[in-house]
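Based on these hints, arrange chains R, X and C on the given structure of chain Y.
Number of protein chains: 4
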Amino acid sequence: MTKKIGILTSGGDCAGLNAVLRAVTFRAIRGYGWKVYGIHQGSHGLLERPVHVTELKIETFTAGLMRFGGTILGTTNRGNPFSYPVGDDRQDRSDEIVEGFHMLGLDALIGIGGDGSMAILRRLCEKGNINFIGIPKTIDNDIGLTEKSVGFMTAVDIATEALDRLQPTAASHDRVMILEVMGRDAGHIALNAGIAGGADVILIPEIPYNMDIVVHKLKEVTKREKNFALMVVAEAVLDENGRNLTIADVKGKRRYGGIGHYMAERIQEMVGAETRFTVLGHVQRGCQPNAEDRILASSFGVYAVDLIAEGKFNRMVAWHNRQVVDVDLADAVSSYQAVDPNSTLVQTARGLGICLGDK
Amino acid sequence: MTKKIGILTSGGDCAGLNAVLRAVTFRAIRGYGWKVYGIHQGSHGLLERPVHVTELKIETFTAGLMRFGGTILGTTNRGNPFSYPVGDDRQDRSDEIVEGFHMLGLDALIGIGGDGSMAILRRLCEKGNINFIGIPKTIDNDIGLTEKSVGFMTAVDIATEALDRLQPTAASHDRVMILEVMGRDAGHIALNAGIAGGADVILIPEIPYNMDIVVHKLKEVTKREKNFALMVVAEAVLDENGRNLTIADVKGKRRYGGIGHYMAERIQEMVGAETRFTVLGHVQRGCQPNAEDRILASSFGVYAVDLIAEGKFNRMVAWHNRQVVDVDLADAVSSYQAVDPNSTLVQTARGLGICLGDK
Amino acid sequence: MTKKIGILTSGGDCAGLNAVLRAVTFRAIRGYGWKVYGIHQGSHGLLERPVHVTELKIETFTAGLMRFGGTILGTTNRGNPFSYPVGDDRQDRSDEIVEGFHMLGLDALIGIGGDGSMAILRRLCEKGNINFIGIPKTIDNDIGLTEKSVGFMTAVDIATEALDRLQPTAASHDRVMILEVMGRDAGHIALNAGIAGGADVILIPEIPYNMDIVVHKLKEVTKREKNFALMVVAEAVLDENGRNLTIADVKGKRRYGGIGHYMAERIQEMVGAETRFTVLGHVQRGCQPNAEDRILASSFGVYAVDLIAEGKFNRMVAWHNRQVVDVDLADAVSSYQAVDPNSTLVQTARGLGICLGDK
Amino acid sequence: MTKKIGILTSGGDCAGLNAVLRAVTFRAIRGYGWKVYGIHQGSHGLLERPVHVTELKIETFTAGLMRFGGTILGTTNRGNPFSYPVGDDRQDRSDEIVEGFHMLGLDALIGIGGDGSMAILRRLCEKGNINFIGIPKTIDNDIGLTEKSVGFMTAVDIATEALDRLQPTAASHDRVMILEVMGRDAGHIALNAGIAGGADVILIPEIPYNMDIVVHKLKEVTKREKNFALMVVAEAVLDENGRNLTIADVKGKRRYGGIGHYMAERIQEMVGAETRFTVLGHVQRGCQPNAEDRILASSFGVYAVDLIAEGKFNRMVAWHNRQVVDVDLADAVSSYQAVDPNSTLVQTARGLGICLGDK
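Residue numbers (this note's numbering), protein chains in the order written: chain Y, 1 to 359; chain R, 360 to 718; chain X, 719 to 1077; chain C, 1078 to 1436.
No lab work stands behind these hints: they were computed from the structure. Some clues are possibly wrong.
Cross-link-like lysine to aspartate or glutamate pairs, in silico, EDC-like; alpha carbons within 16 Å at most [claimed, not checked]:
| # | chain 1 | residue 1 | chain 2 | residue 2 |
| --- | --- | --- | --- | --- |
| 1 | R | 507 | Y | 147 |
| 2 | X | 944 | C | 1136 |
| 3 | Y | 226 | R | 418 |
| 4 | X | 866 | C | 1136 |
| 5 | C | 1300 | X | 777 |
So here's chain Y without its partners, still in its complex pose (with noise of 0.2 Å):
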């Protein structure tokens, strides 16, 4: 029989996203027959009224589109359906959703997003009697029970880009150069770029720093070993006095430049180097998902229709030592996956001689 089911980008956009959009697409139409709806803004496309989808079709990514950031649907951050911002006020909003959802007559939802989002989305489909899959997709690879998210990868390249471009501005002039990297309250992203980009220091929220240390390591790097030093800083790390500046602001805005530029004073004050900071900022999402993550990101596709096929619901597709697999989606919801300090790359850090400010 002919399905119909819908698809959905959530939360944060990564690179990857309409790579998961096409493997979807093509093998629900090529391997069963069936229509994909893609909804627009993550859930918000089910409470307009009329919902707001598009039928996705093979012709929809012939020229390429798997190669884009981004996603086609959009997402969304207007917030949580079940409290849900209606002026200055918050309300419940997620049985129009659900009926959106039955009103499109669909058999299935994938949802493609981060931990906060698969969260919201598992609530969603209990409640709504949905068959729901869920594909993971995070920059943070924070989302537990998976080796790799959509989106990381890529976004560690771009962070390793960018040390590979400030090295050699750092030695013409002598300088510290700090990068601070995105990853929520994980410090993948930092640790992986900063090994993969020859980082003297890498601080993440993991692993609580001491500045001393930060300083002493620095100082001995720039005296002895080379006239520059490269320091990547996740944007979690707390400042000295425990604050995250990533949130200090008190309207709830992000601040910017929070902790990277607060390093940044207090290094060059410090250690008595000049000291340059950067901000990589949104670059590391928008950006062309490399082919590990298209590779991820179509093995996921396939993979989640082919469990609907089967019939088998509230699943989340993972990856384990080289093969596909799917985990219970509320098992998946309630791991997260923060840096773990006794893992192979904690190691090889501290082997190559990066100082992580703990030791």
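Using the frame of chain Y, we list chains R, X and C on its own:
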């Protein structure tokens, strides 16, 4: 006690070799205070008298050498030391290499190589009582017991980038574009890049193809779906008469543009569409390592030195489920890893509707 | 009065064509309120009945089309409308094209093309009383009266990048690496990329070479200076017997890997160094336009529309001394621009010690 | 007679400096048999005792140094030798530099610098009777009498690439994205990258803006045309109160994220669209030179040495109409090249419908 270790790069070069050298050097010097000697041109440096080695130091790497392709030690195809070309003859010169090693007073040897050179190095070290650790590198990804080897994903990036560039010109001219990629007897680069780059047809040596099926697919694609098609073919794919065109030359030299050229002529004739081909060649080897290969190289290098510190030898470092581990060298050498026709990526390719030539 | 203008892309595709379409469309609509019709597959779209055109609008370009290689209008090699292939015969179908143009009620035609298509379009427009403006594009940079044409510098970037990737693998294996680049009868890509990519030898059709001089240089380089060499050869360079290998095939098809392949065999034999070659092929055409080509494309497109508004026709836009200007179309068409052996770049190449084969 | 020449890099680093050093070295050694001495850290290397210089040889460059950003000689911001910081004081130390030059027995000096350092070097050489040739480099492109300077187009590439990456994420989230780029007091990078990267608004210091016009344009774009907007702002653009935020800090340190940050807050408030900003920073300087900058650097380097051979001094090499020429140094130093509001590129920007803030 201060150890002295040797390191060499062997076989075809790939991206990430200098990153391994750096990681080994940093770990050995900073972690243990050892000395590291780089042996030039594979094991050949130990054949020369005086032996051709260079001490690797921290400052060898401070200008950013990790980011460059190739290997500063050079490598060699001059051949198997057990059957070394001497004039028109061949001779067992393995004793001289072992002698060279011991003349240097080295405590251990790290060999970075593919499956061919790893097997030879293993035999050499066994014979010469040399403490050996292997680090897997190959753009072909055909070494068993490790999820990935240094250099592979960068080669996939380059091949994918080529497809990204071929698509617009194919679409502008209503053409079938064929990309011949490396990979020796394995189809890993072709399969990965084909999925990532949006190929319509991927031919790999592990899956025999039927030309009528290929032609049928290309006709369908170019007539019904879009005005062009992309096809990837691994260099070791046989022609319709079962010949391997990379080794068809009588003098033992590899012919250039073997199967890609062959396919272009056949497809143009049988499909009736203008067909062009590109043989990517050595740009897949010499480019800068991507972030993933640098991380892998760094992790392998650090871990290899730690194995020496622990006195564990005859091991190959490997990547398994997000960690570096070590496996028995003999097992690794005897485990060839072709593309598994039941693997996730083959299923992904089929799920996307990519024709693999067999159905 | 609201005008209606047509635009077409003709001849081999290159990077930057979509950027020209965008600039013309933006200028015509936003600046003058005109309508723009994109004609498909070169002038062929005017041959079809109904004529094959698409209205170009602002929204055609909002998703970032400017950044993509190729042309959304397609182009064609189907041939000269004055001698159009009909079965095995040829026929003058120019009247039909002129008719198609007037059926659309167009006020003017903008043709983006190289010197070949520009000459044909000029003849066509003269015959059909069509108001014509030409915009020069070609990766070959062989159009006279303009300092640069759309697509050239991007092709140089790609060829340079290939040399950057070939160098490390050449150095790792003591090899001579030969890169064959496009350029038709001109050596501009070879000369520019050879300088930018650090070649030791550059052969271009404008400067006849002596093989002994080439061999002498390569021996000197690989024996005295470094262990490898890089050589760039333009596709139209003749072999030692004076044959042009790109057109050697009897059936009129271009042979692949002509002079690059030829040179690799000769050099390997005569220099005695391991030699490999790469034929860059269509990746030089289909890639994303670099910043310079997008700026050039944008300036040309805007200016071309302004010329139509002023009622100036039979002009080609051109770049001269930091400005867009317009030149007489007939003059441009008859001015072929090969590499001038006395130009700055030839002197630069000689000044760097690059061998151009003649001394 | 064998000459000895000195060369130094001065002022802020940019892409292409090592390519100039290479061209000078190759030309001087291969063409004339001279010796070349690289002076470290701008003119500072001549202040040190012993003077801090390194002989540059062919082999300095054989591993591909031309391709790397930065300068192996280092550069310095330590300041004007006529007013050199000594403790908290300033002192004229120009005599010591002149002395250093003559201690080395150098016949001539090549200085690679921007307009600031070129003026100082000119004064220094006049005073010290030093034969001087200047080579223009600057990412700001503000040096007069030359069409382009080394480093500029690479910086434009990087800024354009950032816009390419910001667009998809802007489109996915319905955002206004603001990119702050370098350029000192000139808007060249902003104007070029804004055109190439598809900006809707470009603000440059040469064209005063009216905030209402900017806001009107962004409202129009985001409401009628597409769901997002891109805006580029040059670092020297003043805020609405006429303050230059790059120099607003009381201690003389440049504030980070000045006008970009300011604009983001104003736009978000006045346009009512979610707005994010990125300050590109030093990645514009340190990256690899593109092909054009390497060609320019090579041509300038060769020509500068030829000028010395001819005994022509107090000249600056320049690019004019496809050729290297030389101009009077004093004239060049006194010709500042801001963006000309009547230039082709300004007209191109206006022609595309880009808002420059003034109408």
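Going down the list of hints, with the structure as the test:
1. 507/R / 147/Y: Holds, at about 14 Å.
2. 944/X / 1136/C: OK: residue 944/X and residue 1136/C at ~8 Å, within 16 Å.
3. 226/Y / 418/R: holds (8 Å)
4. 866/X / 1136/C: Since the Cα atoms of residue 866/X and residue 1136/C sit roughly 34 Å apart, the hinted pair is violated (cutoff 16 Å).
5. 1300/C / 777/X: holds (13 Å)
In this structure, only the earlier hint numbered 4 is contradicted, and the remaining ones agree with it.
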